[in-house]
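Protein chains: 4
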Amino acid sequence: MPNEPDKWFFDRINRNLMQLHAIEEIVYSGTTKFQKIEIIRTGAFGKCLVLDSKIQSSDFDEFVYHESLVHPTLLSHPNPERVFIAGGGEGASLREILAHKTIKRAVMIDIDEGVIKVCKEYLPEYSKGAFDDRRTELRHEDARAYLEKSKESFDAIIMDLTEPIEEGPAYLLYTREFYRTVNERLTPNGLMAVQAGCASMVELLNFSAVYQTLKSVFPVVLPYQADIPSFGGPWGFCLASKGVTPPSPEEIDKRTAARGLALRHYDGTTHQYMFSISKPLRQHLERQTRIITDKEPLYIYGQGR
Amino acid sequence: MPNEPDKWFFDRINRNLMQLHAIEEIVYSGTTKFQKIEIIRTGAFGKCLVLDSKIQSSDFDEFVYHESLVHPTLLSHPNPERVFIAGGGEGASLREILAHKTIKRAVMIDIDEGVIKVCKEYLPEYSKGAFDDRRTELRHEDARAYLEKSKESFDAIIMDLTEPIEEGPAYLLYTREFYRTVNERLTPNGLMAVQAGCASMVELLNFSAVYQTLKSVFPVVLPYQADIPSFGGPWGFCLASKGVTPPSPEEIDKRTAARGLALRHYDGTTHQYMFSISKPLRQHLERQTRIITDKEPLYIYGQGR
Amino acid sequence: MPNEPDKWFFDRINRNLMQLHAIEEIVYSGTTKFQKIEIIRTGAFGKCLVLDSKIQSSDFDEFVYHESLVHPTLLSHPNPERVFIAGGGEGASLREILAHKTIKRAVMIDIDEGVIKVCKEYLPEYSKGAFDDRRTELRHEDARAYLEKSKESFDAIIMDLTEPIEEGPAYLLYTREFYRTVNERLTPNGLMAVQAGCASMVELLNFSAVYQTLKSVFPVVLPYQADIPSFGGPWGFCLASKGVTPPSPEEIDKRTAARGLALRHYDGTTHQYMFSISKPLRQHLERQTRIITDKEPLYIYGQGR
Amino acid sequence: MPNEPDKWFFDRINRNLMQLHAIEEIVYSGTTKFQKIEIIRTGAFGKCLVLDSKIQSSDFDEFVYHESLVHPTLLSHPNPERVFIAGGGEGASLREILAHKTIKRAVMIDIDEGVIKVCKEYLPEYSKGAFDDRRTELRHEDARAYLEKSKESFDAIIMDLTEPIEEGPAYLLYTREFYRTVNERLTPNGLMAVQAGCASMVELLNFSAVYQTLKSVFPVVLPYQADIPSFGGPWGFCLASKGVTPPSPEEIDKRTAARGLALRHYDGTTHQYMFSISKPLRQHLERQTRIITDKEPLYIYGQGR
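Protein chains in written order, with our numbering: chain A, 3 to 307; chain B, 3 to 307; chain C, 3 to 307; chain D, 3 to 307.
One or more of the hints may lead you astray.
Copies of the same chain look alike in the list, so a pair counts if it fits in one copy or across any two.
Below, in silico cross-link-like pairs of lysine-lysine (DSSO-like), each with a Cα-Cα straight-line distance of 27 Å or less [said to hold, decoys possible]:
#, residue 1, residue 2
1, Lys130, Lys106
2, Lys244, Lys122
3, Lys35, Lys256
4, Lys217, Lys153
5, Lys106, Lys153
6, Lys256, Lys281
7, Lys297, Lys281
8, Lys217, Lys297
9, Lys106, Lys38
10, Lys281, Lys130
11, Lys153, Lys122
12, Lys106, Lys244
13, Lys281, Lys35
14, Lys119, Lys35
15, Lys103, Lys281
16, Lys119, Lys244
17, Lys122, Lys256
18, Lys281, Lys153
19, Lys217, Lys122
20, Lys130, Lys297
21, Lys256, Lys119
22, Lys119, Lys297
23, Lys103, Lys297
For the record, the hints were derived by calculation from the structure and aren't laboratory data.
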């Protein structure tokens, strides 16, 4: 018994479900202007970035999350050059984007400079120098306000945000009004991707509402998912565009090679796994009627949980 | 705070990870000749059958588990008539098997009569009368000994067993020796399916060892997975045969209709989701060298955990 | 690991502290008109009566609680004949009162008839027939309203109430206004006792505020405590009177014998343990300035916790 | 919910009972030659010294523990000059001892130099310079071997040890053989004190066995207890001597003043609280038949738990 773990991180999935992670070390703990931030080394997943008590990334499976968020969108575009990222403080989405040889410019806006400082110091292997890449423009301001006043067009826009919590920094980046702005800032062949929360059948409000909200704006919206064990199960994403759809699995593998990518998670078969949504999820996603708006935003605490 | 759940079931995934379920009611609690048995009503998943502290089935997602275990195998066979089930005390695998109009005989052997009694009384909606179907032959003895001395051949053999724990009732039903017996009892077009434990990247020993052990016996072995939230994430299965492989997604949907099945989880698209194994899992499964034998059985507690 | 307890009851002491009890059985679970009620059999303390998620009594140490609440007061009175009890649904305070041969009448008012029904059925060894004693008058109404309109005088008044929680059934029985009514209903030599919540140094708001509130009404107020392990540590009580004080330890033992009592916890030495308040508690109790009133009642959730 | 504590330290009281402490910070975490050592800042008790997963001291109540361990013994001696301490790595027992103006020499032996280093750096307010006092002789070796070969006599010997766990550093300092050595090293008016583990009715094996083992060696053995909330409830101690007993409460207060002590917990009334053992504890202590010997040592994990 003396050797059993004695310190546990409680990750609440919902009111009736928690995942407990054995804590080996609290590498960093602090508060930024916007949120509580911690780097916790867990026994199961290594170092985890934790914002406002929710795990954002872990050593063990951050490659699954970041490859899933970035590559379906970038490999669906024949020649992506300009990319916009909202959030993504670890720098790992940026790292995956810059790995595409075609990329000429990546504008990343994360409102919370504090998160990036901590990640640079404690998780440098996540960004692998991406912040210092000459193609990167990093800004700390409100991503929505920036896009609203920008005249630039992007081949891809990646939403790597924390979940929408009341008074949190991200909840107004999940609304129909914002998605319309995103649509305006995309080139005709452009695509957007968004992480959309838990994709376990037991907790689908966020995923399904984001999906329906995107459908109210974009002609093409494809939901997909991948298992992220440190998040407690499958995680949802959506890809949206004005018309472009992903290529075949074979073409995915070809483009991956042509772009010089060395991927650990995403390939043609993984794409089929991620984009083949099982019947009960499909039904749940289609039956959702909730549209997220500025007036009626969605908070995962309280309403969803 | 007074309204927060105050009673929790601790499901240990491994040494460093637990899933906690809010308990609403302990519907039944007892001990059979072979194991501890409980029916716990949880806040997230409704009634759960719990054997030796592991959730076996829940109201919420038992259809995912039982459809995933049974239908890929039965729909891969053009005309299954005779089926053998080892384990499956809830009667839900039997229910799914008997739903195929082609079935003429189903032999189910669950060593633990106590489990079946409790399930009949407290979870009758799981078996839906399957135990009383005239095609069913139910026996309480050792499934391995039965198959070893039997001369009968089966179109499908379904392994719906508890996980292999030391001195538990099932650990000798996961070995190469036993799989050879299964192979001998299959018709030339016959297939077998086995539930193979956790399929989360964080805990793959059982899944990968079962996969490799089957590969040492059968010419065709296909690993697949489906998310079962009440089990804490994706769950692994293997389909094995002397040569038969699953039909195309379109053919799956056709056969489902032709057999008169009304499925909630499994269809052609779900098949693609389940049988498309993501890259890191594929690598882990292929790299496993452990073969489970009578002399060196696998226990998920201790060794795996 | 399979033999480790897997079901736990979470008892929140305060925001930063919880006691977890292994659950062996949920003997009863329901809701009365006033509160959630459960009988939980725990591994450490046997059956526990739990109201609104707080343990009220356990097989293991209910004798400590009920003897501590009743006997210091009754043995401080030379000849108690008439006693009033507010709360005390288990019937165990009543049991201890009726054990005094001098008692001629015991009026017990517990607003929650549902609690008494459940206790009679599932915890009959707590009341040991006390509800059927011809000296008992049991009523289900508001104890405060009853005392306000009553003209009867009592030798002892025992407050065996649940803790004051917002909208709970008891919070208006902890106020100065109510204690004044109690004072009016006591004979000149009468005494009252009240359970006053946690007496651990880490959580003294309730105990100290009840103490000071009583001091604003009664000339004599003596705080005392006893360790009740199932409650998570030492528990506080107050004895109050118009002038009477407890006798010497020797006299306590004499009166105990003379009254025909067979006590397991309380005697002269235990009295010294309970009424000798350690220095930091004494200081905390004396320094408290909070007086509980109808207008500013105390809730242990929120304010105290 | 986002503001609820999300990191918890699990303190196992026994198989069926745990106390959970909200973690604010892991100030230090490491391993010495002998044990795992951590300084954890908890929400309820401030910084806690944790050895092998058991809390040894906390900011909140270390004064209760250390005053309880040291002063009953030192104030029972009319003029203590020479004191021996086994264990006590925080330096707080040493601090309390040196506060007595009469003390001329304090020999402290803690086998684990690593603990003292960490405490000096992270908990300097516990030792308050006591390690640098010219009266202190600090040694890192086996306390038992030292006393066995020493010829020196002491007025008081203080056992401030971790609990006896298998292969832990302290289990051979709780045996009858060792207590005989202690007896030989005491002056005729000398006294010893030992912390004796949990004094909650629910877990009395350690306390009662230490008590009975001391009684097999010393003519006078007095058990006493004090509530230490960070330890999860009341904690047990024993005072033993060749004949000396504690003075009256009034004399305790007089000697405290005469020695120049400014105590926060211990005084005459606190003494009565601590040394008045409640009836069920008394009975349990007296009925224990277990004597701890070198051949049959006591381990609190396994046997006791």
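Review point. Between the shortest in-copy and the shortest cross-copy C-alpha distance, which are at most 27 Å for lysine 119 and lysine 297: within, between, both, or neither?
Key: Result: close neither inside a copy nor across copies, 33 Å intra and 50 Å inter.
Check your understanding: Between the shortest in-copy and the shortest cross-copy C-alpha distance, which are at most 27 Å for lysine 106 and lysine 38: within, between, both, or neither?
Key -> For lysine 106 and lysine 38, neither the intra-copy (34 Å) nor the inter-copy (52 Å) Cα distance is at most 27 Å.
Point to revise | Intra- versus inter-copy proximity for lysine 281 and lysine 256 (alpha-carbon distance at most 27 Å) | key: between (30 Å within a copy, 16 Å between copies)
Check your understanding: Between the shortest in-copy and the shortest cross-copy C-alpha distance, which are at most 27 Å for lysine 103 and lysine 297: within, between, both, or neither?
Key -> For lysine 103 and lysine 297, neither the intra-copy (41 Å) nor the inter-copy (53 Å) Cα distance is at most 27 Å.
Exercise for review: Can you give me the call for lysine 119 and lysine 244, within, between, both or neither, at a CA distance of at most 27 Å?
Suggested key: Classified as neither: same-chain Cα gap 36 Å, cross-chain 57 Å, threshold 27 Å.
Practice item. Have a look at lysine 281 and lysine 35 and pick one of within, between, both or neither, based on CA distance no larger than 27 Å. Key: Neither, since 42 Å and 39 Å both go past 27 Å.
Check your understanding: When no copy is named, should lysine 119 and lysine 35 be tagged within, between, both, or neither for a Cα gap of at most 27 Å?
Key -> within (12 Å within a copy, 36 Å between copies)
Practice item. Please work out whether the CA atoms of lysine 153 and lysine 122 approach to 27 Å or closer within one copy, between two copies, in both situations, or in neither? Key: neither (30 Å within a copy, 61 Å between copies)
Point to revise | Intra- versus inter-copy proximity for lysine 297 and lysine 217 (alpha-carbon distance at most 27 Å) | key: within (18 Å within a copy, 54 Å between copies)
Practice item. Up to 27 Å between alpha-carbons, please classify lysine 130 paired with lysine 297: within, between, both or neither. Key: neither (39 Å within a copy, 47 Å between copies)
Review point. Between copies, within a copy, both or neither: which fits lysine 122 and lysine 256 at Cα up to 27 Å?
Key: neither (33 Å within a copy, 54 Å between copies)
Exercise for review: Can you give me the call for lysine 217 and lysine 153, within, between, both or neither, at a CA distance of at most 27 Å?
Suggested key: within (24 Å within a copy, 58 Å between copies)
Consistency with the previously given hints fails for numbers 2, 3, 7, 9, 11, 13, 16, 17, 18, 19, 20, 21, 22, 23, ordered from lowest to highest.
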